[in-house]
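Going down the list, the sequences are from chains Z and U.
Under my numbering, residues 1 to 192 are what the first sequence spells out, in order.
Under my numbering, residues 1 to 233 are what the second sequence spells out, in order.
The set of hints was computed from the structure by calculation and includes no laboratory data.
Among these hints, one or two may not hold up.
Said to hold, decoys possible - Derived pair list, reagent style DSS-like, types lysine-lysine, alpha-carbon separation capped at 30 Å:
no., chain 1, residue 1, chain 2, residue 2
1, U, Lys46, Z, Lys40
2, U, Lys5, Z, Lys128
3, U, Lys19, Z, Lys46
4, Z, Lys91, U, Lys5
5, Z, Lys141, U, Lys155
6, Z, Lys128, U, Lys10
7, U, Lys23, Z, Lys158
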Amino acid sequence: MKNKLLLLLFLATGIVGFAQNDNAQKKKASEFNIPVEYYKLNNGLKVILSQDKSSPTVIVAAYYNIGFRIEPKDRTGFAHLFEHMMFQGSKNLGKMEFIKLVQENGGVLNGSTRFDFTNYFEIVPSNKLETMLWAEADRMKGLDITQDNLTNQQGVVKNEVKVNVLNQPYGGFPWLDMPQYANTNWYNAHNF
Amino acid sequence: MAEAKAWIEKYFGGIPSVKIPAKPDVSEPRQEKEKEFTKNDSLANKPALAVAYHMPTRNTPEYYAMGLLDQILIQGDNALLQKKLVDEKGYTSYVSGGINYLGNMFNYNGPMQIMFDVTYDNETSKKQLMDAVDEVIDGLSAKVNQEMIDNAIIKMRSQLYDELGGSFGFGRADLLCSFALFDDNPARINTLEDEFKKVTPEIVKKTISEYLRKTNRTILVVNPLLANNEKTN
């Protein structure tokens, strides 16, 4: 539990809709201008709002300040494992219910683990914004970390590597291989 | 927007803060010698090769110059490595590559490589490929001029717009979040283009000289253990 909390709270939540606003359209076609409103909650959570009215959809993105190369040495693999655990339910939303909540509202969702962050996002009809903010905050507050869920997802992560990397020609080449050869600092060069 | 802010405060505002652990030192020393490795692949039937050069530090003039060099060398049909290895030599059908294979040149925060990779026939040698690569890189500095940079900026803008609109617009959220997380400044999204426009031929040449030197690169070759397996050819 302690480790999970360390992963949280330092994120950027972005809410993005679509479309240029009127002001932007009046500017030169060559000028690149995305509306950005940026502030922080009292707890330090970074919030970005970027309005776009071209379609009645909204994107909620939550970025956590933990990627697979900045994990503590004795905790490698946690960021990716937690990426999976974030879809396994909380006290309020049972297993698979987060995914159903998005999909049954016509939305799409995903998450990923990168070098320097893990991210989660949902794209839903804009009238579901409040629902998604509630659900994203709900899993940020606490996950249903049971032995069953953990064992299950440890198996899933292991098999992801077997299916996508180890049992594929050119599996891991060069995206997973090269950092291990090109870098010398353990954080960049260890086998993720 | 006011409604969205109120909901954010309502649902996220009560989540307690925790102390953020110190970020580990992920810095890399300057590479002084070319490195080369071979990876045996028991499932591959054709060799493959990847070449990676350490990137300049993020957000420096050289970093933006390397973003343009990515366009000049790797991205699109008119990129110099595509023209040399695909069109002229016929060694491969496509040169894959870029900066950050798990994202793009904007959504990482630490050391990175600019890399490209190809698969090629067993009849072609690694030396032939690397000779062709070196021909392109070694001759590059002499060709750099403002027109080359202007063309690269057009390609860069096009790719940036593609990324921002990608995945139903999620690319935009990705850059905003990345810049908030790494730089505490998501508005950087609107200044990227200006940074590329500041790149001069001199900066590009300096970048080629320091970062596209042989001693700054790692070559990885896939040794295809199924190369002689009749069933796979």
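Checked hints:
For the proposed pair U:Lys46 and Z:Lys40, the alpha carbon gap of about 52 Å is over 30 Å, so the pair is violated. Between U:Lys5 and Z:Lys128 the alpha-carbon distance is near 15 Å, which keeps this suggested pair within the 30 Å criterion. This hinted pair checks out: U:Lys19 and Z:Lys46 have alpha carbons roughly 15 Å apart, not beyond 30 Å. At roughly 25 Å between alpha-carbon atoms, Z:Lys91 and U:Lys5 fall within 30 Å of each other, so this suggested pair holds.
Using a Cα cut-off of 30 Å, the hinted pair Z:Lys141 and U:Lys155 is violated, with the two alpha carbons roughly 43 Å apart. For the hint pairing Z:Lys128 with U:Lys10, the CA-to-CA distance comes to about 16 Å; that is within 30 Å, so the pair holds. Annotation: proposed proximity of U:Lys23 to Z:Lys158 holds, straight-line Cα distance about 27 Å (limit 30 Å).
Consistency with the previously given hints fails for numbers 1 and 5, ordered from lowest to highest.
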